[in-house]
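For the sequence shown, the residue numbers in the working numbering are 16 to 134.
For the record, the hints were derived by calculation from the structure and aren't laboratory data.
Taking CB as the label site, the calculated pair distances span:
id, residue 1, residue 2, range
1, Ala87, Gln37, 33 to 41 Å
2, Trp65, His107, 16 to 24 Å
3, Leu36, Phe117, 17 to 25 Å
4, Ser80, Glu39, 16 to 24 Å
5, Asp88, Leu36, 33 to 41 Å
6, Arg52, Gly108, 16 to 24 Å
7, Ala87, Glu39, 35 to 43 Å
8, Leu118, Ala60, 17 to 25 Å
9, Asp99, Val53, 20 to 28 Å
10, Val53, His107, 18 to 26 Å
11, Leu36, Ser80, 15 to 23 Å
Predicted model, so just to flag it, every value in this text is computed and none were measured.
Glycine included, every Cβ here is placed at the ideal spot set by N, Cα and C.
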Amino acid sequence: MRPPSQEAPPDHQAGWRVVELQEEGIAYFVVKDDTDRVQVTIGNAGGVFWAVPAAGAMAKVSLPSWRLSIPADALPTQVYGSADFSLVLFDHGGDAVWSVEFLREAPGLDARPIPRRTR
Numbered sequence: 016m017r018p019p020s021q022e023a024p025p026d027h028q029a030g031w032r033v034v035e036l037q038e039e040g041i042a043y044f045v046v047k048d049d050t051d052r053v054q055v056t057i058g059n060a061g062g063v064f065w066a067v068p069a070a071g072a073m074a075k076v077s078l079p080s081w082r083l084s085i086p087a088d089a090l091p092t093q094v095y096g097s098a099d100f101s102l103v104l105f106d107h108g109g110d111a112v113w114s115v116e117f118l119r120e121a122p123g124l125d126a127r128p129i130p131r132r133t134r
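With the hints as extra help, turn the sequences into a complete structure.
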C-alpha cells in the first residue's frame, strides 16, 4: 500500500503547487501551475534525479548529473525547497529551464541571487 500524496510545505513560490508522491522508494515531485496544469515532474531515488515525461509537459530540465546552460540574465524562482534540494525555475523570455539544485552545491540558496549554471 502506498502512502498518500502530500502537498509541498508552504515555503514554495505562490502560483505554483508541488505535490510529492511516494511509490516503492521513489519520490516524484509534480509541479503544477496556477491553472493546475503539470509543468514538470521530477523523480528521485537515493539522491539520483531524473525528469519524468508526463501529460505532454515538455520541460527543459537541468539535473545534477546533466547540467544545461542557463543564460546569465534568466530570472530565477525557487518553486520548491527541502532540506536536501531545491527546484528552481529559470525564465528567459518565456523560455524556461527547470533546475534541481543540491544545497551543498549552492550554499545559501534561499538568498538571492541563485547561482547560475553555465556549462
